[in-house]
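**Q** Starting from the known structure of chain A, arrange chain H on it as the hints suggest.
Chain by chain, the residues:
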Amino acid sequence: MGMVLTEEQQLLKDSARDFIEAKSPVTAFRALRDNDDPKGYSPDLWKEMVDLGWAGILIPEEFGGLDFGMQGLGLVLEEAGKTLTASPLVSTVLTCGSALMLGGTQAQKQEFLPKIAAGDVLMSLGLEENAHHAPTAISTKAEKSGDGYTISGKKTFVLDGHIANQLIVVARTGGTGEDINGITLFLVPTNAPGVSIQRTTMVDSRNAANIELNNVSVGADAVLGSVDGGTDLLEQVLDRARIGLAAEMLGSAQHVFDETLAYIKERKQFGVVIGQFQALQHRAAKMFTELELCRSVVMEALTAVDEKANNVPLLASLAKGKVSEAFHLIAREGVQMHGGVGMTDEYDVGLYLKRSAVVEQAFGGPRYHSDRYAQLEGF
Amino acid sequence: MSENLEAFRKEVQDWLAENCPPSMRTPMPEDETVWGGRNATYKNRESKQWLDAMGAKGWTCPTWPKEYGGGGLSKEENKILQQELRRINARPALVSFGIMMLGPVLLEYGNEEQKQEHIPKIVRGEIRWCQGYSEPGAGSDLAGLQTRAIEDGDDYVINGQKVWTSYANYADWIFCLVRTDTSVKHEGISFILFDMTTKGVTTKPIKLISGSSPFCETFFDDVRVPKANMVGRVNGGWEIAKRLLQHERSSISASGFTGGSSVPMQDVAKEYSGEANGRIADGSLRESIAQHRMNAQAFQLTLKRSAEESKAGMGPGAASSIFKSYGAELNKMKYDLLMEAMGTQALGWEGDGFDAEELNVTRSWLRSKANSIEGGTTEINLNVVAKRVLGLNDHQ
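From first to last, the protein sequence lines stand for chains A and H. The first sequence begins at 1 in this note's numbering and counts up by one. The second sequence begins at 1001 in this note's numbering and counts up by one.
Looking at chain A on its own, in the form it has when it is part of the complex (with noise of 0.2 Å):
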């Protein structure tokens, strides 16, 4: 991609971009919260993005993948964000997908890898503990029992973990508080003894869970990446997750900018429609300037985790935290843009304001990956 789509590229985004129009548009998402779905996703929907080879888009071909890597992904991401598609695309497909890629044993590759791209498994990252994202805070434990591991701990806000047939457990395998040594990842299967999960009914429909675990115990072979030194592994997992997200959350930032847009071009008020005042122009144009900003990030973070660039990290705190404000921003003035109908439940809007509230603060918020940003500049 670079900063310019590919022919293969624009196919992939023109297709993408066709089938949520058509397949879920924001009725569809309408639907799973006014009926209250148990699943909070669509298991048919799902099995269409899966026959398009869209939960195999970062895996390699050897294991049943596409791989089209995160510049493919990034592209459907961002369709999806604009029509809020609620599908395990982040939880799976972005998140632990990458965790396997990145940290994966063969053997677990092999297992895991083609059920992914084939639909045949979700999973979901279990890493945050506290209301606030820390990666290193954990205080879930893992003790070693015999040839495998004894997991206590609980965890929160992990997306799509009521829906999960897999998790990844970020657990202390030693150190304490939030010492950056001592943190291993685990596989568990939900099903395990001492796992229960609970869903949290989130404000924006969307799905995330509290899970808490009571001596799950797991062989040797569950442990992802290194014992003790699961941090970096982790740390380039949430990256991929923060750019991903950024790509999804672009989409969305897009689309409400565009329906308030459109809103104030039809809006008549004193005989005029409300775009003709310039107190609402010049925000507009200034919420145009952070959306092309937001863009520029990006493309550049998302090729740069292909091309393995060595600014990964401030690329994706960069991506992360203006994507986030740019969303905030047009989220709460495209419902003060909208006026009273903004306020009301019949009108999308809110439903992006809602939206932009919960994903702003997964895997950081803009003060997080502002002081990250900092930190890795050096101050």
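The hints are simulated quantities; they were obtained by calculation from the structure and are not laboratory data. Quick caveat: nothing in here was measured; it's all calculated off a predicted structure. Even for Gly, the Cβ is constructed at its ideal location relative to N, Cα and C. Careful, some of the hints might be misleading.
[Stated by the list, open to error] Chain A stretches covered by chain H per the calculated footprint, using a threshold of three residues with CB under 8 Å from any CB of chain H:
(1) 261-267
(2) 279-286
(3) 361-374
**A** Below, chain H alone, put in the same frame as chain A:
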């Protein structure tokens, strides 16, 4: 094709080795910038030598046609030339409004005589140009300009006043917007060129809040200009004026609003406001600086995207419309943050108690406030984005 380009690269390297004087490969102090012109003085003798060599080759304007003294280079050849110039850290041989603004529109709209007369002198730096656009009553509303040009035989007689004329007191010629019809607004403007030594032209420097005087007020009192000096048709100047502004804005944003402190802001902050565990101690200042750096990087990436899009033949994308205003606001913010980081050491005006770098920050901070005013205010630029890009109409 690529073989030819490699041969060209070799040719450039050989030529530069022979013709770029040693001191022209060192960082350029502000006061050694070469603007050219009849009355140019050269603090460094080698600046003149470098200008003459580059001018004779046409490489001060590498892609302009050879027949008018330009370098006649293709885009690819120019890219190689620029790479090689950067490689040896060559100073710009010539900085001029003739190159940045007038030349491109003269090549597009000028007649043959005008091109023959003016372009070669721009290329060689023989004539220094200034821009007669703004007037006391016509700033953002540029088309409201009142300077009158009235036909009289073979001449126009010009009366009026321009303001913010950059370096008018040093310029040899002016490209000027004049009113040739008072009954209409945009359609009554013409674009004309004349010599600043013509009888009736006077200039008066304007002292700015930063203490320097890069701009003048320029007065025209019965100035007689031959009709042949008009570019384009009578009353057809607005189109040319706008095209020239595009060149001006793109050169302003391409320059990246340089000047002032070269020390990274975060290092300045550590030095003046304190450091703790290798980080800026003040968490709130650190956050502000991080935000600024992130915005600056996002902006740089957007410039890069725009360049790649135009290289791919996609034409100037919508993104380019935001460059001028966003770049201006970023630069202003940069100096506000530097001021904050340096505390009272950034408050000196002159003399003892402050070093040169500190005084430079104070002056540059003041100077930067013009970034969002000159070359189209931020407000006008946002209007343009709202109207042309977002399709939001004017309030009638």
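**Q** Against the structure shown, which of the earlier numbered hints fail to hold, in ascending order?
**A** none
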